[in-house]
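Visitor: Can you make the complete structure from the sequences, with help from the hints?
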Amino acid sequence: MSKTKKLLIISCSTGSGHFRAAESIRLTCQKLYPDAQVLHIDMADYLNGVSHIYVVWLYSFLSANIPIAYKLIYHATDNSLIIKLFRLFAPIIRMGSKKFIKRINDYRPDLIISTHFLPPLILPKKFSAPISMVITDYHAHRVWLAPNVKTFFVATDEMKNDLEKLNIKSVVSGIPIHPHFFKEKNVNELKKELNIENDWPIILIMPIFFGSIIAKEAITTIFSYNKKINVVAITGKNNEKVFNDMETIKDSGQKNFTIIKITSHIDGWMRIADIIVSKAGGLTISEVMYLQKPLIVVNPIPGQEDYNTAYLEKNNYCLRANSSDDLAKKIKLLLSNPKLIEKKSHPNASEIILKKIFD
Numbered sequence: 001m002s003k004t005k006k007l008l009i010i011s012c013s014t015g016s017g018h019f020r021a022a023e024s025i026r027l028t029c030q031k032l033y034p035d036a037q038v039l040h041i042d043m044a045d046y047l048n049g050v051s052h053i054y055v056v057w058l059y060s061f062l063s064a065n066i067p068i069a070y071k072l073i074y075h076a077t078d079n080s081l082i083i084k085l086f087r088l089f090a091p092i093i094r095m096g097s098k099k100f101i102k103r104i105n106d107y108r109p110d111l112i113i114s115t116h117f118l119p120p121l122i123l124p125k126k127f128s129a130p131i132s133m134v135i136t137d138y139h140a141h142r143v144w145l146a147p148n149v150k151t152f153f154v155a156t157d158e159m160k161n162d163l164e165k166l167n168i169k170s171v172v173s174g175i176p177i178h179p180h181f182f183k184e185k186n187v188n189e190l191k192k193e194l195n196i197e198n199d200w201p202i203i204l205i206m207p208i209f210f211g212s213i214i215a216k217e218a219i220t221t222i223f224s225y226n227k228k229i230n231v232v233a234i235t236g237k238n239n240e241k242v243f244n245d246m247e248t249i250k251d252s253g254q255k256n257f258t259i260i261k262i263t264s265h266i267d268g269w270m271r272i273a274d275i276i277v278s279k280a281g282g283l284t285i286s287e288v289m290y291l292q293k294p295l296i297v298v299n300p301i302p303g304q305e306d307y308n309t310a311y312l313e314k315n316n317y318c319l320r321a322n323s324s325d326d327l328a329k330k331i332k333l334l335l336s337n338p339k340l341i342e343k344k345s346h347p348n349a350s351e352i353i354l355k356k357i358f359d
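Residue numbering for the sequence shown is 1 to 359, as defined by our numbering.
Calculated directly from the structure, the hints in this document are not laboratory data.
Any given hint could turn out to be false.
Straight-line C-alpha distance at most 20 Å; calculated SDA-like pairs for lysine to any residue [stated by the list, open to error]:
# : residue 1 : residue 2
1 : Lys126    : His141
2 : Lys71     : Ile83
3 : Lys84     : Ile73
4 : Lys355    : Ile83
Guide: Below, the structure written as structure tokens:
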């Protein structure tokens, strides 16, 4: 790096993955390039009411409550013609994003990295700083392919090949995960720290389920099939009803069930797990693959998580469960034969991205 650079990383809180990827890059930048100035902003914090509803609330509402509508929109917009029409709405969102654009102009970055598809669409086309896009899923939906992006970073060789067919060059980096995943940690010491007092297998369930697999039903069924196991469920801080429902399992005398709202030790829980049960967010499955843990996918969000799951299943990196009973059976199957699932290494994506744009 020839001179001190000002790097701006932009995320948008439609789901946690975009924010987590941006934070991973920021933390890695501080370590690799201590002389650089680096700032991470969440675009959602700078939108006015109407734009915030359109960008953030609508995604959350549709994906959680009307997934079939979200799926139809996702697939309908995954073609070049519809995306051109979609981009006609960019000036409308830009009108509600004046604070966002002002914040960027005030910072005057030399380089921009976006972990969400919207920021490049809203920025002026002739914005001086080169923009890099980090696609945080295992499918390059057309909405990510903004024409003013200089460099695209993708998760897989398959994605790179797909973009080449569209005459778009990209760099295979993987998806950025938190730097603490790359630290060596002793599993036995972690078990003591996290109060696991037996040698039974540990099933980590995160986050809470929606759709066909309901949390309390799933956990009760898992214990009915597998007696000598530990089950750890992470609900998230905004699922009070689910947390209370699952506490009744603990109250019924199930001693090997641990329920957590939120934790700063997520990598610790993932490291000690023998099997991880999760939705198919790009960040989460990248973390699981880096730790080389057996994964069972449940209730993927129609759209991007369907594609993520399809990639995993195609390469035999996961099993998919479609009901509580199916989940319990597949846990039992994996415990008896963990080699059913292939293991895949995951690169330090943040380092690859930063070295490409800085050096």
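Visitor: Each of the hints needs a verdict: does it hold here or not?
Guide: Results of checking the hints against the structure:
Of the supplied pair hints, the one linking Lys126 and His141 is violated, its CA atoms being roughly 24 Å apart against a limit of 20 Å. Distance check on the hinted pair: Lys71 and Ile83 sit about 16 Å apart at the alpha-carbon level, within 20 Å; holds. A distance of roughly 14 Å separates the Cα atoms of Lys84 and Ile73; the hinted pair therefore holds under the 20 Å criterion. Straight-line distance between C-alpha atoms of Lys355 and Ile83 comes to about 31 Å, which puts the hinted pair past the 20 Å bound.
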